[in-house]
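Keeping their order, the protein sequence lines are chains L and S. Counted from 1, the first sequence has number 141 at position 141 by full-length UniProt numbering; the numbering is strictly sequential. Counted from 1, the second sequence has number 184 at position 184 by full-length UniProt numbering; the numbering is strictly sequential.
Be a bit skeptical, because a hint or two may be false.
Here are the simulated EDC-like pairs of lysine to aspartate or glutamate, each with C-alpha atoms no more than 16 Å apart in a straight line [stated by the list, open to error]: (1) Lys168(L) <-> Glu150(S); (2) Lys168(S) <-> Glu54(L); (3) Lys168(S) <-> Glu107(S).
These aren't lab readings, by the way, just hints derived from the structure by calculation. Small disclaimer: the values here were computed from a predicted structure and weren't measured.
Number of protein chains: 2
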Amino acid sequence: MSLRHALLGLLSQGPASGYDLLKTFDVSLANVWPATQSQVYAELGRLASAGMVEVSAQGPRGRKEYAVTEAGRAELRHWLTQTDPGPLSRRSEMLLRVFFLGEVSPEQAHDYLRRQAELGEERIRRLAPLREMVSTMDDSLSIYGSLALEWGMRFSALQRDWALWAEKEIERLPEHRRCEQPNTETERT
Amino acid sequence: MSLRHALLGLLSQGPASGYDLLKTFDVSLANVWPATQSQVYAELGRLASAGMVEVSAQGPRGRKEYAVTEAGRAELRHWLTQTDPGPLSRRSEMLLRVFFLGEVSPEQAHDYLRRQAELGEERIRRLAPLREMVSTMDDSLSIYGSLALEWGMRFSALQRDWALWAEKEIERLPEHRRCEQPNTETERT
DNA sequence: CCAAACATGTAACATGTTACATGATTGC
DNA sequence: GCAATCATGTAACATGTTACATGTTTGG
Chain L
1 MSLRHALLGL LSQGPASGYD LLKTFDVSLA NVWPATQSQV YAELGRLASA GMVEVSAQGP
61 RGRKEYAVTE AGRAELRHWL TQTDPGPLSR RSEMLLRVFF LGEVSPEQAH DYLRRQAELG
121 EERIRRLAPL REMVSTMDDS LSIYGSLALE WGMRFSALQR DWALWAEKEI ERLPEHRRCE
181 QPNTETERT
Chain S
1 MSLRHALLGL LSQGPASGYD LLKTFDVSLA NVWPATQSQV YAELGRLASA GMVEVSAQGP
61 RGRKEYAVTE AGRAELRHWL TQTDPGPLSR RSEMLLRVFF LGEVSPEQAH DYLRRQAELG
121 EERIRRLAPL REMVSTMDDS LSIYGSLALE WGMRFSALQR DWALWAEKEI ERLPEHRRCE
181 QPNTETERT
């Protein structure tokens, strides 16, 4: 139930509407905890019912600005200090595929890993410019957000380096068994 | 819908029952694509309806052994070569918390990062012995599985190193603003 | 004989995604 | 006036988790 805490966290930086929060999700939290519009509005409603946020102002177009309550702040702090995040949210489609790379030709396996290396590299290039951007801001979110950004950079480098290593690794595989069907990815439904 | 492909992948190593597959999930795939019993049996049913697997033998206790069909193999290969995994499954509770570390005291933030470093270290120690184990086996799953294992080792090291770096980073934060409430994590509902 | 392991399945619930539906205000 | 943006909400569906429910075989 961490969307709840994401919302409490954002609101603890100051009051905002669902619409505002949504934009923050798209910008700051997109790579860490994405959320859809439906989710945000629904959860805001639940948080209000639970007394963790309250409507602090109303604007045009039915705009409702929410502010976190003391109960909400307490919940946020509790979540933050009650350390141990439910174990890293594992489940990697990328790695799952690796397990079954023996089902395709060595060339295809090679291509797959090469592609993963490229994706890592691309991600690095995509994140790099953000570094400069956040360094010019100084709200609490950006400061700590830049730690998350650094994580993303390191993670992307890991992906790239690991994929390049793995590529070489399968090359020197004690003769490639399993060459029954050299290539059978042609037409499909 | 990758559970489907995980099952096809496992069955392509040889026929197995839901019960067998479940054990494989607990052992090999646990860190990459966990699945529950309910999920496995349900998906096997769907795969059978779709003609991607078929019951190849029946055993005692109602045991049904499934084998992948040619259609299933085609689907698996398609999935493997149709590269680009739906972007890395992001969503990290660990990083989400980092964003809001400004809400707790510097000491608590420090403790949090230190704990993350420890968890990384622990994970390294937990994975290390597996390395030896897989090197003695030689089925396709283990060979490629060891690539995934290496990824896990590198990932854990990343977590540890990053957390240690981040810990130092917040230490030298241009004076800690936000010291309204030094510590308010006491009793709770 | 009885416990452990084998073996399968269903139901209730939580979470997340996509698409639909609606309307008000602002700026040009 | 009209398009873009602001703004909120609901419904249908997919996926995943937990708990319940049941029965068989093997080995000691």
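Unmet hints by their number, sorted upward, for this structure: 2
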